[in-house]
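Same order as they appear, the protein sequences are chains B and W. First residue of the first sequence: 24, per our numbering; consecutive thereafter. First residue of the second sequence: -7, per our numbering; consecutive thereafter.
Check each hint, because a few of them may be wrong.
To be verified - Below are the DSBU-like pairs computed for lysine-lysine, each with C-alpha atoms no more than 35 Å apart in a straight line: (1) W/Lys343 to W/Lys294; (2) W/Lys379 to W/Lys294; (3) B/Lys148 to W/Lys294; (4) W/Lys343 to B/Lys148; (5) W/Lys343 to W/Lys379; (6) W/Lys294 to W/Lys167.
As the list claims (entries may be wrong) - Far from chain B by the CB rule (all over 12 Å, computed), these chain W residues: (7) Val347; (8) Pro352; (9) Phe358; (10) Thr359; (11) Gly363; (12) Leu393; (13) Ser480.
Hints are computed from structural coordinates only; laboratory data are not their basis. Small disclaimer: the values here were computed from a predicted structure and weren't measured. No residue lacks a Cβ here, since even glycine has one placed at the ideal position from N, Cα and C.
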Amino acid sequence: MRTALFRTRPFALARPAVTAVLLIGVATRCTRKAAEAEAGRPLGLPVVTGLQAAADTVKPPFREVAPGVFMRTILRAPYSPGLNVEIQDLEVRPRQLTKQVTLAGAALLEIRSGRAIVTVGQVTKEVRVGAIFALPQGQALVLDNRADVPISIRLYVVTAQ
Amino acid sequence: MTQRKKALQVGSGLAAVTLVASWLVQRPSDWPQYRYNERRSGDQPAASALSNPVRVPSLAVRWSWQPPVSPGAFYSSPVVYGNRVFVGNGNGHFYALDAATGALAWQYPPAGGAALTSLYLSNPSSYGIASSAAIARIRGRAAVIFGAPDRSIGAGLGSGRLFALDAATGSEIWKSPEVARLTGTSHGSTAELHEQIGYSAPLVFFNRVYIGVADHGDNPIQKGRVVAVDVATGAIEPAFSFSATGTRGGGVWSSLAGHGDGIFVTTGNTRCWNGGCQPEPAPNHGLSMLRLDKHTGALAWKLQPVPFALDDDPDWSAGAMVMTGTCGQLVASVQKDGWAYAVFAGSAAPKPPPVRWQFPPTGYPFTPAPGISHGDTHYKKPGATWKDVLFIVTGGHSRPLDGASSGYGKLHALNACAPDARRVRWILDVPGATHSGYSLGPPSVTGGIVYIGTDLGHVVAIADPDVSAPPASAQRCENTHYTLAQCSAAGYHPVPIPNVLADVALPLGAGDGIWTEPALAGGRVFVTTRGGHVYMLSP
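So that you can see chain B by itself, here it is in the shape it has in the complex (with noise of 0.2 Å):
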């Protein structure tokens, strides 16, 4: 328990992006009103009065590229003469297979949580939280999320300008 030093592993490359999206985040919020919380009360409970409700926040938002497939752009940036890299997240349901999935350029994949069978090519492997593995460019990707829980893996995607 320290107080003095204060030690993290910040992505530093990804943290302006991810500011800019958290304050678009903030800025778009869903609030719900006190009002709508008294709405639709089951009987059979105490009615209260004063009630207040939370704030509902999603950032940055998800968006689903296929059945049970779900993604996102962190960051979008150069990253040398000719390249960009992109870092994209990328979640699978539980029970979900997926069909062949083909990044824009070659990718690193790393496991973030929960497990799943991989196939890239003729290779079929179990990763888990901390695997990471290479995709080569145009090289096709299977998932089978076979747990009960998705699986959540960061994309670091480098393509052509």
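Assemble the complex: chain B is given as a structure, and chain W must be docked to it using the hints.
What follows is chain W alone, placed relative to chain B:
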């Protein structure tokens, strides 16, 4: 079974009852120790206005009090026994107040006496008395026990010891020998001992008092230990011994829990400190949740999800708590990196930790991953339990992708006995908080209504949906980075946003706030603040 065996069993039972009665002091409406009881449940079972959702919205401040001389911060929580509030302050004095009026009953040391302070200051816990108290019965008298630095022992710098005072008068019953050794004040010195009791609150359990020993802000880390003393005399029990490591590290910052034959302990970091690092010690029981034998300190099981190589200071600052769920006795806590765990309490027989669940359920032990850090990221407060529900601040489902701050300011209610897919019961962004790392104190609960203090000085009362159902429209996705519309398709579940029954802003000055737990006793809420105030609220 023979008559003789039956008589022996009855005799043993009576002896056990007598033994228990000698230390157990707990009336339902009191809050006689940190987290209410020796299991650290944080659950006040006695019904009162605080458990009545109709009355809670009228919660308001009834009195406040500040130490009359040199008020320091309150990093210890109040305990309540027999219409008295007991609490230690950062100024090195321990106070007893009238629970109804806030009037000072007595203080220790008495006016003019040397304050209980350390000459080595390296962490908020270094200042005065950070250890919350516990009530015990000693030779027929109600006693209040706490840990504090004392310059009258050891090297005269403020080594830690335990004090037992008469709860009625504040007179000394006993003072333990030196428990935590401070032999120098050079920051970062590895030649000196910089032990302290700090935040650890005494566990009064059967005929012993157990206390954790940590360090002063990792300057440098010390060998974490658990020390037991005799509740009647304060003498150190030589039969009990536990050290977290063979060299240094594994500080016991938290308050121990007791249940059955077990003492449940959480420990701190081992790899590096302010100014140095070391090879992995042997043994290494740091960054762990542990079950120890209450008689000897022998290790029964150890959960160590973050291996030594990934130790970037994700202490278990939150202590372990024992909850009795429909699925069994679970020991639960959250690590500073935001992951919470529940382990079956098990028995004294050594074996691998029987883990019930991890939340978020990423899998463990962790392996090196550049994007997931296990650092000092402020998930430091223990949870509270009610029925099968664990109320606790964790990183949540979005922790693996959104980072350590994803759960700041969010109170999770977790279904402790449900499968992983139904772990989350509800989530609330607690109002009146900055939503930074230190934004919420430990929650307390009574009758399904959760009370929690915030860094902006709010006392917030939240109703579990079983007590006060929110409208059907008050829902969010259990993974906070999905909208409600996406939630089910992504494999998660919508969960309710619970009703906030009361949100009382204490009249605090700038920079003041609440780090400590609300003590719920006799229909009143007692909280302490960093600015040095004690408040009593009631409906």
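Least C-beta distance between leucine 393 of chain W and chain B, which was stated to exceed 12 Å: 5 Å, violated
Distance restraint between lysine 343 of chain W and lysine 294 of chain W, which requires alpha-carbon spacing of 35 Å or less: 8 Å, holds
Would the pair lysine 343 of chain W and lysine 379 of chain W pass a check requiring their Cα atoms to be no farther apart than 35 Å? At roughly 28 Å apart (the allowed maximum being 35 Å), lysine 379 of chain W and lysine 343 of chain W satisfy the hint.
Cβ separation check - glycine 363 of chain W to all of chain B, threshold 12 Å: 5 Å, violated
Beyond 12 Å from every chain B Cβ: check whether that's true for proline 352 of chain W. The claim breaks: proline 352 of chain W does not keep its Cβ more than 12 Å from every Cβ of chain B (closest is about 6 Å).
Beyond 12 Å from every chain B Cβ: check whether that's true for serine 480 of chain W. 9 Å, violated
Valine 347 of chain W and chain B, when compared Cβ to Cβ, separated by more than 12 Å: 15 Å, holds
Holds or violated: is the Cβ of threonine 359 of chain W farther than 12 Å from all Cβ atoms of chain B? Since the minimum Cβ distance to chain B is about 3 Å, threonine 359 of chain W lies within 12 Å and the statement is violated.
Holds or violated: are the alpha carbons of lysine 343 of chain W and lysine 148 of chain B at most 35 Å from each other? 31 Å, holds
Assess, step by step, whether the Cα of lysine 294 of chain W is no farther than 35 Å from the Cα of lysine 167 of chain W, and give holds or violated. 32 Å, holds
Starting from lysine 379 of chain W, check that the Cα of lysine 294 of chain W is at most 35 Å away, please. Measuring from Cα to Cα gives roughly 26 Å; hence the hint holds.
Is lysine 148 of chain B close enough to lysine 294 of chain W, meaning Cα to Cα at most 35 Å? Cα-Cα ~30 Å, so holds.
Violated hints for the displayed structure, listed by number in ascending order: 8, 9, 10, 11, 12, 13.
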